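For the sequence shown, numbering that gives the first Met the number 0 begins at 0 and goes up steadily by one.
In case anyone wonders, no lab produced these hints; they're calculated from the structure. Since this is a predicted model, take the numbers as computed values, not measurements.
Subject to a maximum C-alpha distance of 20 Å in a straight line, what follows is the list of computed SDA-like cross-link-like pairs (lysine to any residue):
hint, residue 1, residue 2
1, Lys377, Asn323
2, Lys377, Glu30
3, Lys377, Leu339
4, Lys377, Asp340
5, Lys377, Asn304
Estimated spans, in silico, between C-beta atoms of each pair:
hint, residue 1, residue 2, range
6, Arg298, Ile329, 17 to 27 Å
7, Leu62, Ser163, 42 to 52 Å
8, Ser41, Ala301, 17 to 27 Å
Backbone N, C-alpha and C define an ideal beta-carbon position, used for all residues, glycine too.
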Amino acid sequence: MTLHPSARSSIDPFRVMEIVAAAAERESAGEDVLHLEVGQPSTGAPAGAVQAATRLLADRAPLGYTPACGIAPLRDRIAELYYDRYGVPVETERVIVTAGASAGVVLSVLAAFDPGDRVVVTEPGYPCYRQIMQALGIEPVPVRIGPEDGFLLSPAALDTAAESAPLDGVVIASPANPTGTVYDAAQLTALDRWSRDHGVRLIADEIYHGITFEGSAPTATGLTTDNIVIGSFSKYFSMTGWRLGWLVAPPDLIEGIDRLSQNLYLSPPTLAQHAAIGAFGDTVELDAHVNRYRLNRDRLTATLNRIGVSDIAPCDGAFYLYGNVSSWGIDSRVLVDRWLDEIGVATAPGIDFDPVDGHRWIRWSLAGSTADVTEAAKRLESWAVGQHRTVRQQGSV
Numbered sequence: 000m001t002l003h004p005s006a007r008s009s010i011d012p013f014r015v016m017e018i019v020a021a022a023a024e025r026e027s028a029g030e031d032v033l034h035l036e037v038g039q040p041s042t043g044a045p046a047g048a049v050q051a052a053t054r055l056l057a058d059r060a061p062l063g064y065t066p067a068c069g070i071a072p073l074r075d076r077i078a079e080l081y082y083d084r085y086g087v088p089v090e091t092e093r094v095i096v097t098a099g100a101s102a103g104v105v106l107s108v109l110a111a112f113d114p115g116d117r118v119v120v121t122e123p124g125y126p127c128y129r130q131i132m133q134a135l136g137i138e139p140v141p142v143r144i145g146p147e148d149g150f151l152l153s154p155a156a157l158d159t160a161a162e163s164a165p166l167d168g169v170v171i172a173s174p175a176n177p178t179g180t181v182y183d184a185a186q187l188t189a190l191d192r193w194s195r196d197h198g199v200r201l202i203a204d205e206i207y208h209g210i211t212f213e214g215s216a217p218t219a220t221g222l223t224t225d226n227i228v229i230g231s232f233s234k235y236f237s238m239t240g241w242r243l244g245w246l247v248a249p250p251d252l253i254e255g256i257d258r259l260s261q262n263l264y265l266s267p268p269t270l271a272q273h274a275a276i277g278a279f280g281d282t283v284e285l286d287a288h289v290n291r292y293r294l295n296r297d298r299l300t301a302t303l304n305r306i307g308v309s310d311i312a313p314c315d316g317a318f319y320l321y322g323n324v325s326s327w328g329i330d331s332r333v334l335v336d337r338w339l340d341e342i343g344v345a346t347a348p349g350i351d352f353d354p355v356d357g358h359r360w361i362r363w364s365l366a367g368s369t370a371d372v373t374e375a376a377k378r379l380e381s382w383a384v385g386q387h388r389t390v391r392q393q394g395s396v
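Start from the sequences and build out the full structure, keeping to the hints where you can.
Below, the structure written as structure tokens:
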């Protein structure tokens, strides 16, 4: 028998990580690179988290395994967050701390669906849902969203998706990656009602909650206990590398998720769990980051509008802009490489988020410093002026 890799491992790569690697290589060679490609805060963990971690390390406290679902004080504090932020009571038993929100995605899909189940994902949308489902034998059902519907999923679109065969699940994100769009209460309620009426499990990716610019984002947690809600310490709490997230799980899935967690990674990172408890008191520091993302959004949006980027998604949250770059007649994968090579600006190609139409789109991250985003905007505008001049000269030959 010939040895070979499994078919399930042949999923598409997360291409933005290739851009991250290329940018790092240039930086190691002494080149200046502005990072608008990666979706992570450019700031460290909040002071309260650092202080809590420092105390534990200074005391040389034993940092062994914890319960697979996380330590009780952190689960309690996450449950309190839902009441403090949304007025929604959540039982601590439903809160499951995970080794990053990415682990929460895997746990959610494993616990809720079986091979052959059909689950709606949006295009554009976060690619790892699609890839994880394919690796597990679950069928992702892509539903296109775009400028005509505000880059938001609707019950009518779900009706269409269910015409060929029944659906088993729906994944939504609010605020969304890569678009930054946010479902309002009526839109979220309509999707929840559709899911309940059709016996479909709704998974709500809420990892960017706390980062909104036009009011707060409503949560799917309070609509029904059947929904799975995914949260994270990576985005609003600025603790990306600490690898800590959580689920608010339906009662019927708690035991299964606990068993899966035990077997996948035993427990979430212990130091990170204790540090995360300390992060909740730093809202002034964290909200200042949100204000910076808002300023970066406004500045970069103005530049992109001037240089011919069209159909920019309405960014009401998260820290991304997503726009159509087809006016230059250059595939976005080529354009991303050119910007990195020619002006030292790293961005993410739309093909990561939309395998069909993504060659016409690019995602820009707003998570860097305002100085970096402002400089990147200047470089992009200068490049666009030069590109327009070149096209005009070629046309006159």
